[in-house]
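J.: Here's the letter readout for the chains.
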Amino acid sequence: MALPLRYNFRNVVVRWRTTLFTVLGVAAVVAVFVLLRALARGIESTSGNTGDPRNILVVRKGSQAESGSLVTRTQFRTLQYFDEIARNERGEAVVSAELVMIVSAPRRGGAGEANTLLRGVTPRGMELRPQVTLVEGRWFQPGHREVVVSRRLSGRFEGFEIGGTLKAGPDHLKVVGIFDGQGSAFDSEAWMDADEARSIFDREQYSSVLLRPRDSAAAQAIILRLEQDKRLGLRGESETLYYSKQTMTAAPFRILGGILGVAMSVGAVFAAMNTMYASVAARTREVGTLRVLGFSQSSVVMSFMMEGTLVALMGGIVGCGLALALSVYVQARGVYFGTMDFQSFAETLFQFRVTPDLVGLGLLFSIGIGLVGSLLPALRASRLPVIAALKSV
Amino acid sequence: MEAPIVVIRDLSKIYRQGEVQVTALNRVSLQISAGEFVVLMGPSGSGKSTLLHIIAGIDRASSGEVRVQGINVANLDESQLADWRNQNVGFVFQSFNLIPVLTAHENVELPLLLTALGRRERRQQVDLALNLVGLGDRGHHRPDQMSGGQQQRVAIARALVTDPALIVADEPTGNLDARSAHDVLGILQSLSRDAGKTVLMVTHDPKAAVFGTRELHLEKGELARDLVQE
Chain A
246 MALPLRYNFR NVVVRWRTTL FTVLGVAAVV AVFVLLRALA RGIESTSGNT
296 GDPRNILVVR KGSQAESGSL VTRTQFRTLQ YFDEIARNER GEAVVSAELV
346 MIVSAPRRGG AGEANTLLRG VTPRGMELRP QVTLVEGRWF QPGHREVVVS
396 RRLSGRFEGF EIGGTLKAGP DHLKVVGIFD GQGSAFDSEA WMDADEARSI
446 FDREQYSSVL LRPRDSAAAQ AIILRLEQDK RLGLRGESET LYYSKQTMTA
496 APFRILGGIL GVAMSVGAVF AAMNTMYASV AARTREVGTL RVLGFSQSSV
546 VMSFMMEGTL VALMGGIVGC GLALALSVYV QARGVYFGTM DFQSFAETLF
596 QFRVTPDLVG LGLLFSIGIG LVGSLLPALR ASRLPVIAAL KSV
Chain B
1034 MEAPIVVIRD LSKIYRQGEV QVTALNRVSL QISAGEFVVL MGPSGSGKST
1084 LLHIIAGIDR ASSGEVRVQG INVANLDESQ LADWRNQNVG FVFQSFNLIP
1134 VLTAHENVEL PLLLTALGRR ERRQQVDLAL NLVGLGDRGH HRPDQMSGGQ
1184 QQRVAIARAL VTDPALIVAD EPTGNLDARS AHDVLGILQS LSRDAGKTVL
1234 MVTHDPKAAV FGTRELHLEK GELARDLVQE
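Line order of the protein sequences matches chains A and B. If you count by the numbering used here, then the first sequence holds residues 246 to 638, one letter each, in order. If you count by the numbering used here, then the second sequence holds residues 1034 to 1263, one letter each, in order.
To be clear, the hints were calculated from the coordinates, so they are not data collected in a lab. Mixed in with the good hints, there may be bad ones.
As the list claims (entries may be wrong) - Cross-link-like lysine-lysine pairs, in silico, BS3-like; alpha carbons within 30 Å at most:
| hint | chain 1 | residue 1 | chain 2 | residue 2 |
| --- | --- | --- | --- | --- |
| 1 | B | LYS1253 | B | LYS1240 |
| 2 | B | LYS1240 | A | LYS306 |
| 3 | A | LYS475 | A | LYS490 |
| 4 | A | LYS490 | A | LYS306 |
| 5 | B | LYS1253 | A | LYS490 |
| 6 | A | LYS475 | A | LYS306 |
As the list claims (entries may be wrong) - Computed footprint of chain A on chain B, listed as stretches where at least three residues anywhere in the stretch have a Cβ under 8 Å from a Cβ of chain A:
| hint | region |
| --- | --- |
| 7 | 1109–1122 |
| 8 | 1142–1153 |
The C-beta atom is built at its ideal place from N, Cα and C for all residues, glycine as well.
Construct all of the structure, not just a fragment, from the sequences and the given hints.
T.: As structure tokens, then:
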């Protein structure tokens, strides 16, 4: 039987000063680790929350993103007459040819300029995206150089309020409405009429086509048909699947999280090791006594590792608590973060999300720090010569 | 005469420090019967603590044989020796060696955690042991809330809680005042006389020695005198 946990717990409490420093060190490491992961998770969640599973997004074969895709008007006309496409109550095919462009705009507060996505949509395109709702003003009127912007962009860029203007190519667009994308990738976009956008940017082609098949069998049929039709040179996939793949933007945060996590955890491991070595040194006679009473070397190793893990886990709980508190605060204040989307080169807006699995990961990370940090001190404790340990002051 | 519980033949212990060899015990042979209260005396460095440690299984002899209850202790590996100590030997130290963060009850319970006893049985055993040393009402006190004499009595309760045949005590009164020392020696004497435990005690104090039934004097690692008390 192992030594009782209360023995470790009380030792941790008795040595509260050294315990506190180690707990704070581990807490800082875990908080940074969880927050960086939460940033990546926020971006992934934004992408994952975008689109309608019934829709199919069509781009040029070989293109990974809309911004790098070209769909000619001829290709669009061919697509438009596919039998598998659903019709609305007016008998029109529910299909929208769209243009995605990048425009530069000044950030509020004089923080320089940043790119943002300007999407040219059709009325069908708006029908296909019911998650985007107008919250202020009105929708744009084609031919009037009007634009609607997301609420998040409105708060982030100069001139993105109703009545303000946005520079698009050689023209200026007037902001007439604000929409809410419900936490989707559309929250990082401004919308205007598709044909007007083509005219402003002097573009013959569209970027993509969004369509609604009649049913799931029709959806499969369209995807297969596009795949097999070599002349069209297009490919289609579920809109939600397309956006869930657009998580490359999160990669730098994941990589940074990994690098910082490893670098900082080395420091935390040494802090835990230092605490445990000090603990072993202060309790040499105790260890000798326990061995004399019949506790095996492995019991002593287990006990000290348990203690080191307990300290690190306390740090993990504090660290996760800090990350969680910051997350709640940021969400309550409606603060958004912006980062470059490396596929569209436009700014993606997101909120970080500390989810239960990230908290679990943070706690596991702290347990790992505790186990690694306490291994060597625990082995030293177990290998103390019993008689010398008993004579220790 | 009771059957011998400890049989020692030609026991030697040599410490090597580089080129230097120090003989702590030199071909010591003796027998200790069950129920005896043996007092080991001698000047510092005479080998009495070394002998106690080897008999109790916390040190190993360089040569010779040590049998306790018929078991050759030298043949046990570290893990077996730890189990053997837990089941057969109770320890009392000069500095009490209680775990400071545990209560008296929890300290006494420690050796029982290595047995198959359930929580309720352990509690009964611990209460019995604490009552035997007169501390039945101090179970929830931590060592720093007790006097030296009380702490040593807790240590005696811990030593006897597993009902071992052999109790070894290394200078158990060295850190106690005269009154507490008398109480502790009285308990050890009672354990030997009334409970039939074999007690082996190292001491420098001639007054403590009178509580024993037999005195062994060691000098320079050899058994100099073996006196049975009247």
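J.: Are the hints correct? Go through all of them and say.
T.: We went through each hint and held it up to the structure:
| no. | hint | in the structure |
| --- | --- | --- |
| 1 | B:LYS1253 with B:LYS1240 | holds, 23 Å |
| 2 | B:LYS1240 with A:LYS306 | violated, 102 Å |
| 3 | A:LYS475 with A:LYS490 | holds, 24 Å |
| 4 | A:LYS490 with A:LYS306 | holds, 16 Å |
| 5 | B:LYS1253 with A:LYS490 | violated, 83 Å |
| 6 | A:LYS475 with A:LYS306 | holds, 9 Å |
| 7 | 1109–1122 | holds (count 7) |
| 8 | 1142–1153 | holds (count 4) |
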